[in-house]
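Engineer: Next come the chains, spelled out residue by residue.
Protein chains: 2
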Amino acid sequence: MITVQMILDRLIEPVGQLEKTVDTLKSGRLDAEVRKVAVVFMTTYAAIKQAVELGVDLIITHEPTYYNHMDEGEWLSGNPVYEKKRALIEESGIAIFRLHDYVHSYKPDGILVGMLKQLEWESYASSENMRLLTLPSDEVHTVRTLVAHLKSKLGIESMLVAGNPDLPVKRMGLMPGASGGRSHIKFLGSQDIDLLIVGETSEWETNEYVRDAADMGLAKALIVTGHQKSEEAGMQTVVEMLRETFPEVQVAFMECPLAVQRI
Amino acid sequence: MITVQMILDRLIEPVGQLEKTVDTLKSGRLDAEVRKVAVVFMTTYAAIKQAVELGVDLIITHEPTYYNHMDEGEWLSGNPVYEKKRALIEESGIAIFRLHDYVHSYKPDGILVGMLKQLEWESYASSENMRLLTLPSDEVHTVRTLVAHLKSKLGIESMLVAGNPDLPVKRMGLMPGASGGRSHIKFLGSQDIDLLIVGETSEWETNEYVRDAADMGLAKALIVTGHQKSEEAGMQTVVEMLRETFPEVQVAFMECPLAVQRI
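Listed in order, the protein sequences are those of chains B and X.
Here the working numbering is used: the first residue of the first sequence is 49, the next is one more, and so on.
Here the working numbering is used: the first residue of the second sequence is 49, the next is one more, and so on.
Accuracy of the hints is not assured; some may be wrong.
A pair counts as met if it fits within one copy or between any two copies, since identical chains are not told apart.
Lysine-lysine pairs mimicking DSS-like chemistry, simulated, CA-CA at most 30 angstroms apart [claimed, not checked]: (1) K234 x K132; (2) K97 x K234; (3) K68 x K234; (4) K218 x K68; (5) K201 x K97; (6) K199 x K68; (7) K218 x K165; (8) K218 x K132.
Everything labelled a hint here was simulated from the structure, so no lab data went into it.
Remember, it's a predicted structure, so these values are computed and weren't measured experimentally.
Let's have the full structure, built from the sequences with the hints guiding it.
Structural biologist: Printed below as a string of structure tokens:
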């Protein structure tokens with residue numbers, strides 16, 4: 049019998065138990081049997097409902113369940129959305145494990161590897177630092193052609209660009225998710241890259257840095273793809289890992305629409 | 049002679065000196081004479097250059113100069129964009145004062161008042177809580193009609209919507225800027241509103257809360273306008289205040305293009 053604990057052990061094993069981490073069991077029991085696993089980017093209400101209907105025993109989610117990084121619930125006590133979501137989870141008995149810090153701590157970063165695969169950019173990544181990509185010297189790329197590539201490979205309708213969209217790109221950085229302005233700006237300041245591709249920014253940080261750089265005449269540009277699409281395909285790494293270790297368990301990736309639409 | 053100190057005193061006076069604040073003099077001297085003031089949303093490199101060319105003595109900016117809320121510079125030391133911006137500021141001798149915490153602490157919030165004026169929504173605001181708006185009972189509004197109004201009044205090309213765009217709206221919240229997921233969600237959870245309009249969110253917080261609420265069948269929607277356009281017009285409050293107090297000083301609002309474009 050495969051249990052929640054056995055799956056968690058497998059997910060944690062490449063890193064070892066972290067002392068401080070948001071990756072905890074949000075619901076369910078460690079000794080519960082697991083026949084079906086759903087891997088998701090975000091445990092939305094709709095995704096949990098769908099998982100329950102499909103008979104999923106364990107959801108592995110990259111992002112939080114309760115609208116804050118630490119999944120703190122006290123401040124939400126009595127909030128109707130929070131209470132209804134919590135009731136669905138508790139009544140179903142489904143297990144939810146967040147896999148954020150561990151998968152990013154795999155060597156190399158599991159999300160980054162999954163994204164490079166999805167983008168067919170694996171061979172461009174530097175072996176010392178896989179976030180650093182060098183495009184083939186016989187190919188001509190600009191920010192605009194890379195936007196088109198990201199759209200087609202990740203299914204994104206439009207994205208945000210700072211700097212000149214027609215800037216030629218030879219070397220670039222890929223930082224999925226929202227790793228923060230300091231991390232983006234330090235990378236831009238220390239690496240010889242033309243373009244940084246990120247998931248999400250705070251507008252007054254990375255966006256303004258790249259705007260200023262471009263206004264100074266520096267060959268720098270930024271693409272902001274949106275957080276979900278910048279990491280979602282990366283969770284495929286987890287699907288493959290679990291299928292390999294536990295062939296008797298059904299493991300499926302559950303895609304999810306974006307929370308927002310552009311009008 | 050009007051000095052930087054006299055202008056700062058006027059800006060601080062409605063609140064009194066705050067002990068902890070990001071609103072500090074970022075450059076220049078308190079005893080310098082001021083004949084020309086530029087009010088901006090963000091002290092971009094281009095805006096500072098333009099101000100210097102126009103002979104501006106003091107820039108009043110709502111947002112930081114150095115890509116982080118505290119305007120900390122140590123971590124940026126040696127960064128070419130930071131050093132070039134700092135050199136422009138120091139060589140010009142221009143004074144830069146950040147006006148963020150004070151203007152938001154005016155009673156009522158100076159940015160909010162300016163935005164309500166720009167949107168022609170002043171009469172809809174509750175007198176107890178000006179962020180709470182009730183639309184006229186003889187008018188029919190949906191999220192979509194309000195998006196159209198925001199676009200035309202604020203010059204926004206497109207914005208993000210969570211929930212049903214055709215949801216009828218009677219009562220709504222207006223929270224310019226990026227006040228954070230907890231503040232947005234607490235407002236949504238405690239007020240009887242159909243729609244919340246905000247400047248900027250973290251995607252995994254407010255957006256996901258409203259997505260879940262809508263998927264639960266609750267009549268809730270969210271509009272995310274973008275940070276700059278949600279607050280920029282609010283700085284007009286400061287322009288008017290200074291013109292009234294210092295008629296001998298030239299005070300102008302300097303608009304700024306967005307840092308990013310959508311492709």
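Engineer: So, for every hint listed, does it hold in this structure?
Structural biologist: Now for the hints, and whether the structure bears them out:
1. K234 x K132: Result: close only across copies, 16 angstroms inter versus 41 angstroms intra.
2. K97 x K234: between (41 angstroms within a copy, 24 angstroms between copies)
3. K68 x K234: both (24 angstroms within a copy, 27 angstroms between copies)
4. K218 x K68: Cα proximity of K218 and K68: none, with 38 angstroms in one copy and 45 angstroms across.
5. K201 x K97: Within one copy only: 28 angstroms inside a chain, 40 angstroms across chains, cut-off 30 angstroms.
6. K199 x K68: neither (36 angstroms within a copy, 44 angstroms between copies)
7. K218 x K165: within (19 angstroms within a copy, 47 angstroms between copies)
8. K218 x K132: Answer is between: at 24 angstroms across copies they meet the 30 angstroms cutoff, but 50 angstroms inside does not.
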